[in-house]
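Protein chains in written order, with our numbering: chain R, 1 to 348; chain C, 1001 to 1348.
There may be inaccurate statements among the hints.
To be verified - 30 Å max Cα-Cα, derived DSSO-like pairs, lysine-lysine:
| id | chain 1 | residue 1 | chain 2 | residue 2 |
| --- | --- | --- | --- | --- |
| 1 | R | K312 | C | K1334 |
| 2 | R | K348 | C | K1315 |
| 3 | R | K266 | R | K312 |
| 4 | R | K287 | C | K1329 |
| 5 | C | K1345 | C | K1329 |
| 6 | R | K293 | C | K1312 |
| 7 | C | K1102 | R | K348 |
| 8 | C | K1070 | C | K1315 |
| 9 | R | K338 | C | K1245 |
| 10 | R | K287 | R | K37 |
| 11 | C | K1293 | R | K26 |
| 12 | C | K1070 | R | K293 |
| 13 | R | K334 | C | K1131 |
| 14 | C | K1131 | R | K305 |
| 15 | R | K348 | C | K1312 |
| 16 | C | K1131 | C | K1102 |
For the record, the hints were derived by calculation from the structure and aren't laboratory data.
Keep in mind that this is a model prediction, so the values were computed, not measured.
The chain contents come next:
Protein chains: 2
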Amino acid sequence: MSTEKNTSSESISKIKSFRKNIPSAKELTEGILNGNKTALGRAITLVESTNITHLNRANEIIENCLTHTKNSIRVGITGVPGVGKSTFIETFGLHLTALGKKVAVLAVDPTSSISKGSILGDKTRMEELVKDPNAFIRPSPSGSSLGGVARKTRESIILCEAAGYDVILIETVGVGQSETAVHGMVDFFLLLKLAGAGDELQGIKRGIMEMADAIVINKADGDNLKRAKIAKTEFTRALHLYPPKENGWIPKVLTCSALENKGIQKIWELVDTYLEENKNRGGFQLKRREQNKYWLLQTVEDQLKQSFYQNKEVKVLLDRLLLEVMDSKISPFKAAEKLLALHQKELK
Amino acid sequence: MSTEKNTSSESISKIKSFRKNIPSAKELTEGILNGNKTALGRAITLVESTNITHLNRANEIIENCLTHTKNSIRVGITGVPGVGKSTFIETFGLHLTALGKKVAVLAVDPTSSISKGSILGDKTRMEELVKDPNAFIRPSPSGSSLGGVARKTRESIILCEAAGYDVILIETVGVGQSETAVHGMVDFFLLLKLAGAGDELQGIKRGIMEMADAIVINKADGDNLKRAKIAKTEFTRALHLYPPKENGWIPKVLTCSALENKGIQKIWELVDTYLEENKNRGGFQLKRREQNKYWLLQTVEDQLKQSFYQNKEVKVLLDRLLLEVMDSKISPFKAAEKLLALHQKELK
């Protein structure tokens, strides 16, 4: 018991000293703009905090940094667990730092708080990259809602860009709607796949194929090489079934072995080609502008819904009317009317 | 000029006498429950009206009819213009009335008011069915928003079912999100296609394939027969790429010639098999309950958004902040906060 007490008072003093040492928004902004990793990390901690005083400081830093973002590239990377995302990001990231680029790695993983599955959490999975002075790796923010996690990641991107990172890699696992969120914050979206037992397309989540700017078949090494080539053909054929993208880009399929560092260069060259084509045609800036618009409207609509669904009185009536509607005792439209009238009254 | 005057006063007296003769909600409900087509038609006119006094009466009729709906089947039919939807519905409808079923035909066409393209508007396209005493055909309601048109159609379904129609066919053109709306109000969703030049899958709208419970290749006659068979194979293969439906149904591909009345029976048999399997497994009622829930929540969320986007003060600020957000002068989240604060103030 005395140990507990000690620990507790120790913790308190630690927290107090930490609080004392939290630099101001201005100091953190300056640190970020000077490329200071510690300042960047602390600012992201503020962004991720649910403490309201932290939130205000975080907002100030973000607004300060917004006008300082440089010409960075945001690449989304998705794939089911086991596809080798960490190894891929390690190899890909090291390839980029060797080219003289500064690389930041972020993650969107709305499941991490539930499953404790640590996307990027286990930094030792990227042993080399984490030691690279030109790399910044940040584990997935915690949070139960995808909206919250996505928002935090999206704001962290702004900070990383202000800190001078040239390439921001955003990892996500193929769970829930997280790909859509990541797709909405990146310039290039990369789907990692494995060569399987021949029927590659079965079990691909709906909508993922449409989002991908490139499909990379990883672990194309050893015994897998032949199967990877077959998979490449099948995916190329399948991609052909989708209508072309608005910006005219036709998604490509590549193979690589992150473990043996093979095919990595080609992937970066592909991203580069994409960016060049897209910047020349104006699609790059257009997409970013559309993404900003999307996040504004999305946030507004999410909040409007939250204000409705989280109202206690509305909740009670909704539960009752849902049952009546499902049993066809009242029409859905009449029920909606009643609910909206109550919500209106509650707001006043 | 004097002619104009006459016409005008004639019209006025006509409208007046029509108004006088509008029966009460109770009378119309009784008429509907007795299977009276005129009463049904008049009630649907009330449903489609934007006049607020009509709306109240319409709501009363709908609530009255809700508990009287029988075991009808709702079938959605979609396909691009030229695929032969009208001929198909005529032949399919006559096949059903010959089986002793009462058939109602409704339409969701959010474009009709703009393009004047008359989905079901030209009733002469269904010459035989329109004369059939066991068929009721209603042209697409007018309206500029899909939400409005879909709502009207969905409420009209309730009335048709109360009037004893066994099969409700809901037609839509492959435009905008209308298929999603129709898919959300039917038990079975049928996609009409033509055999083309070989590359059948190109140009199919995203998401349509996933929604279809059956694909029917129409105009499989004469010179087209061989191509229709090839298309059937290709579609069957493509459907195989999608994950199975929640209810376990594997979508089927059939060919038919509505013009020569070939293959129509097989289509109805397929719908019948689907319904039997689905009712046994409980999927039928579950889907209907889920659809009711969907329409309730969808209506609530649409209205919440409308109240926001239609507020004049909010509109002005939104226009300004959208520009700032797109130019990265303010973060989307900060902008959303400002907008929601203003909206909140406006509501009070």
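Structure-based check of each hint:
no.: 1; hint: R/K312 - C/K1334; in the structure: holds, 27 Å
no.: 2; hint: R/K348 - C/K1315; in the structure: holds, 21 Å
no.: 3; hint: R/K266 - R/K312; in the structure: violated, 55 Å
no.: 4; hint: R/K287 - C/K1329; in the structure: holds, 16 Å
no.: 5; hint: C/K1345 - C/K1329; in the structure: holds, 24 Å
no.: 6; hint: R/K293 - C/K1312; in the structure: holds, 19 Å
no.: 7; hint: C/K1102 - R/K348; in the structure: violated, 50 Å
no.: 8; hint: C/K1070 - C/K1315; in the structure: violated, 45 Å
no.: 9; hint: R/K338 - C/K1245; in the structure: violated, 34 Å
no.: 10; hint: R/K287 - R/K37; in the structure: holds, 29 Å
no.: 11; hint: C/K1293 - R/K26; in the structure: violated, 49 Å
no.: 12; hint: C/K1070 - R/K293; in the structure: violated, 46 Å
no.: 13; hint: R/K334 - C/K1131; in the structure: violated, 35 Å
no.: 14; hint: C/K1131 - R/K305; in the structure: violated, 48 Å
no.: 15; hint: R/K348 - C/K1312; in the structure: holds, 19 Å
no.: 16; hint: C/K1131 - C/K1102; in the structure: holds, 13 Å
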